[in-house]
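Undergrad: Order-wise, the sequence lines are chains A and B. Residue numbering for the first sequence follows the working numbering, beginning at 1 and increasing consecutively. Residue numbering for the second sequence follows the working numbering, beginning at 1001 and increasing consecutively.
What the hints contain is simulated information worked out from the structure, not anything from laboratory work. Treat the hints with care, as some may be off.
[Stated by the list, open to error] Which chain A residues stay away from chain B? Per the calculated CB distances, all over 12 Å, these: (1) Glu-69; (2) Arg-77; (3) Glu-105; (4) Ile-129; (5) Asp-168.
[Said to hold, decoys possible] Going by beta-carbon spacing under 8 Å, a handful of chain B positions derived as facing chain A: (6) Arg-1173; (7) Ala-1174; (8) Arg-1180; (9) Glu-1181; (10) Arg-1186; (11) Val-1187; (12) Val-1188; (13) Gly-1189; (14) Ile-1190; (15) Asp-1193; (16) Gly-1291.
A virtual CB, placed ideally from N, CA and C, is assigned to each residue, including glycine.
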Amino acid sequence: MNVDSTPGEILLAVDELHGGYGAVEVLRGISLQVRQGEIIALLGSNGAGKSTFINTVCGLLAPGHGRVEWLGRDITRLGSAGIVAQGLIQVPEGRRVFPNLSVLENLILGSYRRGRAARQANLERVLTIFPRLRERSGQSAGTLSGGEQQMLAIGRALMGEPVLLILDEPSLGLAPLIVEEMFGLIAQLNREGLTILLVEQNVAQSLELANRAHVIENGSVVFGGSRAELLATDRLRRAYLGS
Amino acid sequence: MIDSALIGAALWPALVNGLTMGAIYALIALGLTLIYGVLHIINFAHGSLLMVALYAVLVLFERLGIDPYAALVVVVPGMFGIGYVLQRFVINPARHGRDENTLLVTLGLSIVIENLASHFFKTDTRQIETAYTFMMVDLAGAVISMPRLLAFAGALASCLALAVLMRSTDLGRAIRAVAREAQGARVVGIDVDHVFAMSFAIGLACLGAAACFLLPTYYVSPQVGHGFVLIAFTVVVLGGMGSFTGSLVGGLLVGVIESLGGLLLGESLGQIGVFVIFIVILLFRPAGLFGQRT
Ligand SMILES: Nc1ncnc2c1ncn2[C@@H]1O[C@H](COP(=O)(O)OP(=O)(O)O)[C@@H](O)[C@H]1O
Ligand SMILES: [Mg+2]
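Could you put together the complete structure from these sequences and hints?
TA: Spelled out as structure tokens, the structure:
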């Protein structure tokens, strides 16, 4: 991993973000920053609030108190369409591909809000990264395997020319070999300059990639630091790596 | 013997007549299908809104002398605009996230519209007469009126235009995406409320087009929508809820069956054939002709 010793500029800055579902508060003041060029892992057990956090940052859930800044600009209440237009794009948990549309149409819709001008070039690039999607380009997305759907969800996100790509549990429900492939791809995208926020329960593998990690428990960040620091914290190492 | 020979000779004209009416049914049903497929609501105001469009064509013709076909450029965008505003600012806010509410809103809307129409236009049945109303065309032995032929061509062309819109434009893809995976649509930055409103608007634009093609061969009254909405529902269920191909084929089929039923059973009983076939098809294909079982 060729990490620049000088940290890049701050892309995303979340400050004391609250949020949840109606009266149910899930996020209890989450703060974190993502800098240009890094891979950050967001770890935490099932139900900790990781997806709620991602969806609130991306404008899919209404935020409570707190502030989300993108390149220094307040985007807390911008809404998902406006946030996607900024290049803050997520690959959602459960993939959320359009099952009734063809693979090609799914990819095209990835550039609905952003990246429309270079649609053809980006399409070629994505189909080169994922040759299997090219083979299946005319097939409806609902007929793909889980792994292929995950590739499609990532490809669709890439069509929107992300500046920061958020992946919410991309390894969920996939065979180990495919997971390996997925993590390799994430590393490659990062080497090509893409900043990545990786949400995972697969802690060991994510820590191999990430420069820094945050751990969420019960809607709060209980740890933020480097991989070495996390491994040096006995409680967290035992809780998330089981050793 | 004589009877069957007579019927044989009348078969082709009945078929042609059925197809011309069926194309209009298909166009009306397509609007209903689009709205149902995307918003998952049954638009009970569909018939009344068709009536509104028919009166618009009538008024434009009688007051301003605008030809019904020329009125397309006013009535189609007009209905589109009404649809957008209705969905975005009346139906959606009243929905509060529950489909039953929408049902009541569209039902209430249809009652209000029909009462307004009865107030302004009385309950008379009105027709228009154009220079080409009685112009006849001979299609290999079937003599039909020019406006009917134009209605057939126009309705089919509108269906085709809608199919192209749905297949080959970003808006069409977004509409189909929202229909099945609204959360995924938000993720790629699609404004789902806008797409909902656009779908309703396009559904009503179909009614606008249908009205322009229909009025030269038909009539308008405050209750004119009832018959059409019943048939449109039949077409939608017959073709398969949410299926575009189903609506098109179903519409043509219903038109033909109705026309042949009229030939064999007499005008007043003609529609019985539609409902018999409807029940038979649903017995063997519960999801409709082109519906997907879920
Ligand atoms: N749609 C929802 N409505 C109400 N509560 C929800 C909803 N989705 C998730 N939750 C609750 O919010 C909490 C955090 O869930 P989530 O953010 O999905 O966790 P994670 O992604 O870390 O597994 C959980 O207690 C979960 O039950
Ligand atoms: Mg989650």
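Undergrad: Each hint: holds or not?
TA: Cross-check of the supplied hints:
1. Glu-69: Glu-69 (chain A) is indeed farther than 12 Å from all Cβ atoms of chain B, at 19 Å.
2. Arg-77: holds, 15 Å
3. Glu-105: Violated, since 5 Å does not exceed 12 Å.
4. Ile-129: Given that every Cβ of chain B is farther than 12 Å from that of Ile-129 (chain A), nearest at about 18 Å, it holds.
5. Asp-168: violated, 10 Å
6. Arg-1173: holds, 5 Å
7. Ala-1174: holds, 6 Å
8. Arg-1180: holds, 5 Å
9. Glu-1181: Nearest chain A Cβ about 5 Å off; hint holds.
10. Arg-1186: Check passed: Cβ of Arg-1186 (chain B) comes within 5 Å of chain A, closer than 8 Å.
11. Val-1187: With a closest approach of 5 Å, the Val-1187 (chain B) hint holds.
12. Val-1188: holds, 5 Å
13. Gly-1189: This interface hint holds because 3 Å falls under the 8 Å limit.
14. Ile-1190: Holds, about 6 Å.
15. Asp-1193: violated, 10 Å
16. Gly-1291: Hint violated; Gly-1291 (chain B) Cβ to chain A Cβ min 13 Å, cut 8 Å.
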